[in-house]
Each structure stands twice: as structure tokens, then as C-alpha cells.
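Asker: Each chain, written out:
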Amino acid sequence: MRSFRMASALVVLLAAARVLAQPPPPGAWSCSGCHLASPGAAGAPASLAGRKAADIAGAVADFRTGRRPATVMDRIAKGFSDDEIAAIAAWWQDQRP
Amino acid sequence: MTQTVARRNFLMQAGAAAGTALLPMPTLAQGATGHVVVIGGGFAGASAAGALKRLEPRIAVTLVETQRTFTSCPFSNTVVAGLRSIGRLRFGYQGLARRGVALHFAAATAVDAQRQRVSLADGTTLTYDRLVMAPGIDLKWDALPGYDQPAALAMPHAWKAGAQTLLLRRQLSAMPDGGLVVIAAPANPFRCPPGPYERASLIAYYLKAKKPRSKLLILDAKDGFSKQKLFEAGWKALYGDLIEWVSLSQGGKVTEVDAKAMTLVTDFATHKAAVANVIPPQQAGRIAAVAGVADRTGWCPIDPVTFESTLMPKIHVIGDAAIAGAMPKSAFAANAQAKACAAAVVALLAGRMPAEPRLINTCYSLVAPDWGISIAGVFRPAGGLLADVAGAGGVSPLDADPSFRAQEAKYANAWFATITREAFG
Numbered sequence: 001m002r003s004f005r006m007a008s009a010l011v012v013l014l015a016a017a018r019v020l021a022q023p024p025p026p027g028a029w030s031c032s033g034c035h036l037a038s039p040g041a042a043g044a045p046a047s048l049a050g051r052k053a054a055d056i057a058g059a060v061a062d063f064r065t066g067r068r069p070a071t072v073m074d075r076i077a078k079g080f081s082d083d084e085i086a087a088i089a090a091w092w093q094d095q096r097p
Numbered sequence: 098m099t100q101t102v103a104r105r106n107f108l109m110q111a112g113a114a115a116g117t118a119l120l121p122m123p124t125l126a127q128g129a130t131g132h133v134v135v136i137g138g139g140f141a142g143a144s145a146a147g148a149l150k151r152l153e154p155r156i157a158v159t160l161v162e163t164q165r166t167f168t169s170c171p172f173s174n175t176v177v178a179g180l181r182s183i184g185r186l187r188f189g190y191q192g193l194a195r196r197g198v199a200l201h202f203a204a205a206t207a208v209d210a211q212r213q214r215v216s217l218a219d220g221t222t223l224t225y226d227r228l229v230m231a232p233g234i235d236l237k238w239d240a241l242p243g244y245d246q247p248a249a250l251a252m253p254h255a256w257k258a259g260a261q262t263l264l265l266r267r268q269l270s271a272m273p274d275g276g277l278v279v280i281a282a283p284a285n286p287f288r289c290p291p292g293p294y295e296r297a298s299l300i301a302y303y304l305k306a307k308k309p310r311s312k313l314l315i316l317d318a319k320d321g322f323s324k325q326k327l328f329e330a331g332w333k334a335l336y337g338d339l340i341e342w343v344s345l346s347q348g349g350k351v352t353e354v355d356a357k358a359m360t361l362v363t364d365f366a367t368h369k370a371a372v373a374n375v376i377p378p379q380q381a382g383r384i385a386a387v388a389g390v391a392d393r394t395g396w397c398p399i400d401p402v403t404f405e406s407t408l409m410p411k412i413h414v415i416g417d418a419a420i421a422g423a424m425p426k427s428a429f430a431a432n433a434q435a436k437a438c439a440a441a442v443v444a445l446l447a448g449r450m451p452a453e454p455r456l457i458n459t460c461y462s463l464v465a466p467d468w469g470i471s472i473a474g475v476f477r478p479a480g481g482l483l484a485d486v487a488g489a490g491g492v493s494p495l496d497a498d499p500s501f502r503a504q505e506a507k508y509a510n511a512w513f514a515t516i517t518r519e520a521f522g
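Protein chains in written order, with the numbering used here: chain A, 1 to 97; chain B, 98 to 522.
Just to be clear, a hint being listed does not mean it is correct.
[As the list claims (entries may be wrong)] With a cut-off of at most 25 angstroms between alpha-carbon atoms, the simulated SDA-like pairs for lysine to any residue come out as follows:
(1) A:LYS78 - B:ASP498
(2) A:LYS78 - B:ALA497
(3) B:LYS507 - A:ALA46
(4) B:LYS507 - A:HIS35
(5) A:LYS78 - B:VAL486
(6) A:LYS78 - B:ALA487
(7) B:LYS507 - A:ALA42
(8) B:LYS411 - B:ASP209
(9) A:LYS78 - B:VAL492
(10) B:LYS237 - B:GLY275
(11) B:LYS507 - A:PRO69
(12) B:LYS507 - A:ASP62
(13) B:LYS507 - A:ALA86
(14) B:LYS507 - A:ALA70
(15) B:LYS369 - B:ARG266
(16) B:LYS507 - A:ALA44
(17) B:LYS507 - A:SER38
(18) A:LYS78 - B:LYS507
(19) B:LYS507 - A:PHE63
(20) B:LYS507 - B:LEU180
(21) A:LYS78 - B:GLY488
[What the hints assert, rightly or not] To list a few chain B residues with every Cβ distance to chain A over 12 angstroms, as calculated:
(22) ALA207
(23) ASP320
(24) ALA330
Think of the hints as simulated: they come from the structure by calculation, not from any bench. Note that beta-carbon positions come from the ideal geometry of N, C-alpha and C, so glycine has one too.
Make a model of the complete structure from these sequences and hints.
Answerer: Structure representation (C-alpha cells):
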């Protein structure tokens, strides 16, 4: 078992694949359609990977109420409950930029 | 060599690398292993192949695709309008290879769902534990009298990006000032619902600057279209009466074309065009019907949680080919579906129950290079389909100021950079 895990880890390194620590909660993986998983694209919305969960969840909550101005995030935020947003934010905090 | 052998070799090498070749194979309960074949390397298929590897690197993934270079339909309207070179729409598959995806460049010719095998045109047979089909669209060449493949060389569809995109661009460049450009738009459903109207917008942008005496006529087989009020307001503000839209009930449906005479016929009139862009009715890519996953509509019914075909077991269908309920046939939706499908496939291979997904779509259109508009939606499984989450989504505000439109145009450009990097990078 342990050896197999080590073997798997080695294969991962050899393939240079970036692997997710945990499967994303519902909706979380849609974010990276616009928010690049790693920073770099000019003019793109902020990357979420490694950001504090409280900051992400707070921003989405403010988009939903309209307290924070938005172009499209107000429309998207309304599709998620507080618990769902918290789970998504916690998952993005754990992702490596 | 079949993929079964390749997979055994892959796992043996994995074991040998750590000196554990004599250990027994892990059982499925310990985590997902197996071989997933993905047919089609567009936004859906490429995203699915990469997502599977990110979720579970022990799964062997083979991507089957005919072309070594992908040309994006999103942003191809900027090429039609002369705003961008087509090279900026082209992406290779080296990024997926680096992530451990095996690439197989050949056409899939048959799928045997019972024996879980895919036959390729080069004689190879691939065996799969799960198959993900992302065949995109095929144009229905028998749907519009007079519009066959030779006719498309005179009246390009430009609805699959590449040579057709460049042909339409050349025709617009060669057209004298004062010419009539006609776009024939199909009935729903079709790839990229706002696409014909973004195309009209960006062609109008080009005509206004270079050939201002010209006109653009949209002959439509429907009475409404995506982001309609936003497009119409933008057209009026930017292009005056350069663009005219003729709806179905105004006689807009094209019933016949004559590519030699360059005419498009409706119930009420015959229009002679200088440049004609005919976007014909569409269906799922041909291999979907061959595999038995397309229904009588020509599209593929799916389970909204796993994207597994409701017609054939262990075959998942994503992207434009799928009947995804309220989700449009867009690249963003294809990418989001690919990631949700990949998570479901990994769960199924590990013997776990797939979690219910939540999906997002965001789709930008350019009315002009600095005038962007968007539609967004959030979707969840309901009643066997992917349904809109009530209260979420919708289009950009109708009364926004120019800085808002400019910001959305910037986001449109950034979205293209991001989505192509995620799918192919």
C-alpha cells in the first residue's frame, strides 16, 4: 500500500502533473473558467488559488448583495448559498497558485 | 498494440520505478485506476482529459483527435473582421502530453459499447473503462436546399474555425464598398447561440471603417436570439442602420440558396449577396450517431449528474454534442461540463457515488472591440436535466455606461486567454 502510494507519487512527479489535493466541491471548478488557476493573464480577474477563504467568501457575499460593484459576479453569486460559497472558498484556499 | 497492453506497461513501469513490481495491483476500492478514452480535442475533450489527470494521475487517459492543432471558434469572429490573426486562435496538445495524457491522432470510426472498445481509422483498437465523447458538431448538409459542401466554398459557414474563417475574411476584404453582406442564422439549438450576432457586429465594425456604404442583412430562422436587446442597442448606437435583422415571422428563414448566383431565398424575397455567410442547421459530430449515443434530434441525451449517455452505458457525452438542458452550447459550458464529468468518472472508477455538480456558464460577445456584453447562468441537475438556478444569471444591464462595456470587453479577452490556457496549456 505505502509503496504503491510512493510509486504513484513518483509517477506524478515524472509526469509533472499538478494534482488536486481534494476533489473540488460543487461549482468550485467552474471558477477557473475566468479566474486562472495560476496568475499571469493580463487583465484577467484575480486568481483564487491560495487566497484566504474568508476573503473569497466575503467578496462573493458582497457581490451577491450588490455592496461590491460587479460586471458579472453579481449574477453568478446569486446561484450559491452561504454554505456552498464557504466550501468553494475553503477549497480554493488550499490550491497552490 | 492495443491500449490494454499500453496500460499494463504503464502500471508496470509505475511499480518498477519504485522497485515494487512484485506488489499486487491495487484494487479499485483504494482509488480510481483504469483507462479513460476521450474522443475529441476541442474545449470539452481537452478540458476533460486534463481534468482527469489532475484529479487522479493513476488513471490512464488517451485523447483521440484527428487534428494536431486546434483552431478555436470563440474569438474567430475577430479574425473574420480583420482584428486578430488566426494564429492566435491555434493551440497544440503538448500541454496535455506534459500532464501525462496519451495523444492518439486518428479519427474514431466505431465504438462498441458492449465490449468497451473504440476503433480508429489507423487500425488501432482502444479498450476503455469509461469513454468520454466530445465530438462537437457536424453541419447538416441535407437540411438547406442548395447548401452542400461545394456551396460552402462560395458561401462559407465559418462555423468550424480554420479555412472557412479565412475564406469569409478574404471575401469581406475583396468586397467592393456598397456590397450587401448576408448572414443566414439557423433555428435553435446550434453551437454558440450569440455567435451569428457577434459576427454581424464585428463585420459591421469593419464595414463602417472601411466600406461605409455597405449593408449587412441577417436572415433568421427564429424570432429571438441570445442577448438580443443588448445587441440591438449596441448596433443602433455604433452602426446606425447598417445592420438589419429579419426575424422568422418577418420572413427571415432562408429556404434555399444558389451558390453560383449568390442568392438566398426566403418565402418573401430573393436576396443577392456580395458576401453570404450561411450558418446551416447542426447536429452532434458524426461519431456520436455511430456510437449510438445520439437520439432522433441528432443530439445526445445525458444524465445531468454524470454526463453519462442515457442511451449507452459507460459512455459520457459533453460539450456542444450533449443535450444539456438550460446550458448553452458554449466553450465555457463545455469546459465546466468537462470538469464535472471528469469528477464523476473518477468517482465511478473508484466505486464512489458521484457528487451532484453545480455548473456555471459565462459567455461574452463583442459588439465592438471595446464594447463587450455577457450572459451568465448557474445550473444544477433537476428533473433529469441541467436546469437554471432560479434568481441567478442573466445578461449585462441594458443601461450600462461605456466604461462598463469596455470592462466587459477586457474580460472577454482575458477569458479567452484563461480558458485556452486551462484547456490546452
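Asker: A separate judgement is required for each hint: does it hold in the structure or not?
Answerer: Tested hints:
A hinted pair counts as satisfied when its Cα atoms are at most 25 angstroms apart, and LYS78 (chain A) with ASP498 (chain B) qualifies at roughly 23 angstroms. For the hint pairing LYS78 (chain A) with ALA497 (chain B), the CA-to-CA distance comes to about 20 angstroms; that is within 25 angstroms, so the pair holds. This hinted pair checks out: LYS507 (chain B) and ALA46 (chain A) have alpha carbons roughly 13 angstroms apart, not beyond 25 angstroms. With a CA separation close to 14 angstroms, the supplied pair LYS507 (chain B) and HIS35 (chain A) stays within the 25 angstroms bound.
As the CA atoms of LYS78 (chain A) and VAL486 (chain B) are separated by approximately 9 angstroms, the hinted pair is consistent with the 25 angstroms bound. Using a Cα cut-off of 25 angstroms, the hinted pair LYS78 (chain A) and ALA487 (chain B) holds, with the two alpha carbons roughly 9 angstroms apart. Under the criterion of a C-alpha separation no larger than 25 angstroms, the hint pairing LYS507 (chain B) with ALA42 (chain A) is consistent with the structure, at around 9 angstroms. Of the supplied pair hints, the one linking LYS411 (chain B) and ASP209 (chain B) holds, its CA atoms being roughly 11 angstroms apart against a limit of 25 angstroms.
For the hint linking LYS78 (chain A) to VAL492 (chain B), the alpha-carbon distance of about 13 angstroms falls within 25 angstroms, and the restraint holds. For the proposed pair LYS237 (chain B) and GLY275 (chain B), the alpha carbon gap of about 32 angstroms is over 25 angstroms, so the pair is violated. Restraint check for LYS507 (chain B) and PRO69 (chain A): the C-alpha separation of about 16 angstroms stays at or below 25 angstroms, so the hint holds. The suggested pairing of LYS507 (chain B) with ASP62 (chain A) holds, with an alpha-carbon distance near 22 angstroms, which does not exceed 25 angstroms.
Note on LYS507 (chain B) and ALA86 (chain A): the hinted pairing is violated, with a Cα-Cα distance of about 28 angstroms set against a maximum of 25 angstroms. Among the hinted pairs, LYS507 (chain B) with ALA70 (chain A) is consistent with the structure: their alpha-carbon atoms are about 14 angstroms apart, no more than 25 angstroms. Of the supplied pair hints, the one linking LYS369 (chain B) and ARG266 (chain B) holds, its CA atoms being roughly 19 angstroms apart against a limit of 25 angstroms. For a cut-off of 25 angstroms, the pair hint linking LYS507 (chain B) to ALA44 (chain A) stands: about 8 angstroms separates their Cα positions.
Between LYS507 (chain B) and SER38 (chain A) the CA atoms are separated by roughly 19 angstroms; this keeps the pair inside 25 angstroms, and the hint holds. A hinted pair counts as satisfied when its Cα atoms are at most 25 angstroms apart, and LYS78 (chain A) with LYS507 (chain B) qualifies at roughly 23 angstroms. Using a Cα cut-off of 25 angstroms, the hinted pair LYS507 (chain B) and PHE63 (chain A) holds, with the two alpha carbons roughly 19 angstroms apart. Of the pairs offered as hints, the one joining LYS507 (chain B) and LEU180 (chain B) holds, with about 15 angstroms between alpha carbons and a cut-off of 25 angstroms not exceeded.
With a C-alpha separation of about 6 angstroms, the suggested pairing of LYS78 (chain A) with GLY488 (chain B) holds against the 25 angstroms cut-off. Taking the minimum C-beta to C-beta distance to chain A, about 30 angstroms, the non-interface status of ALA207 (chain B) holds against the 12 angstroms cut. ASP320 (chain B), annotated as away from the interface, keeps every beta carbon of chain A farther than 12 angstroms; the closest lies near 25 angstroms. No beta-carbon of chain A is positioned within 12 angstroms of the beta-carbon of ALA330 (chain B); the least distance is around 17 angstroms.
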